[in-house]
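Chemist: Sequence:
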Amino acid sequence: MVFYLKYRPKSFKELDSQKVRERLVSFLSGRLPLASKSKRGDASSIPHAFLFTGPKGLGKTSTARIIARAVNCTNRKSVKDIEPCNKCNSCRSILEGTSLDVLEIDGASNRGIDEIRDLREKIRLSPVSSFMKVYIIDEVHMLTTEAFNALLKTLEEPPSHAIFIL
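Numbering (the working numbering), first residue to last: 186 to 351.
If you are wondering where the hints come from, they were derived from the structure by calculation, not from laboratory data.
Heads up, a few of these hints could be off.
No more than 30 Å apart at the CA atoms, straight line, and that leaves these computed lysine-lysine pairs for DSBU-like [to be verified]: (1) 265 x 191; (2) 265 x 195; (3) 338 x 241; (4) 307 x 338; (5) 262 x 191; (6) 262 x 204; (7) 195 x 307; (8) 198 x 272; (9) 265 x 198.
In this text, all values refer to a predicted model and were calculated from it rather than measured experimentally.
Could you build the full structure based on these sequences and the hints that come with them?
Modeler: Below you can see the structure in the form of structure tokens.
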């Protein structure tokens, strides 16, 4: 296994930046409903979009994946506990990249309007096995102007079962 994949953070406490870790934990604490006890897609307290900025290698994608697992983890005991267990079926499928409800899109490779239109079609579908659908759009700054405009429309009026992490 490649070094950077083997040692990629899998929980908030493993993130390198204490400042980022503390801000995320304080912001999300109490806002993440329990996936095991809530109705699927009912997440009025969770923001529908997150925007991460910073240089390459900072951990933006790793943090997005941790948030996706935390939102969908079925073993969290309380709304104050935001750490994903990384052991339940939902966490395992996200870690392995096999979850149907967490879609990761590379904005540098899939930068056209057709890809965003395809995303807009998929977003109408409810989560299959997870609590929420999470769309991680990596390198979003590489999208074309037309793709940005199409994505903006989706971000302005998102379905209640979707979270975007850009």
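Chemist: Take the hints in turn and mark each one as holding or not.
Modeler: Verification of the supplied hints:
no.: 1; hint: 265 x 191; in the structure: holds (28 Å)
no.: 2; hint: 265 x 195; in the structure: holds (18 Å)
no.: 3; hint: 338 x 241; in the structure: holds (27 Å)
no.: 4; hint: 307 x 338; in the structure: holds (15 Å)
no.: 5; hint: 262 x 191; in the structure: holds (27 Å)
no.: 6; hint: 262 x 204; in the structure: holds (25 Å)
no.: 7; hint: 195 x 307; in the structure: holds (27 Å)
no.: 8; hint: 198 x 272; in the structure: holds (16 Å)
no.: 9; hint: 265 x 198; in the structure: holds (15 Å)
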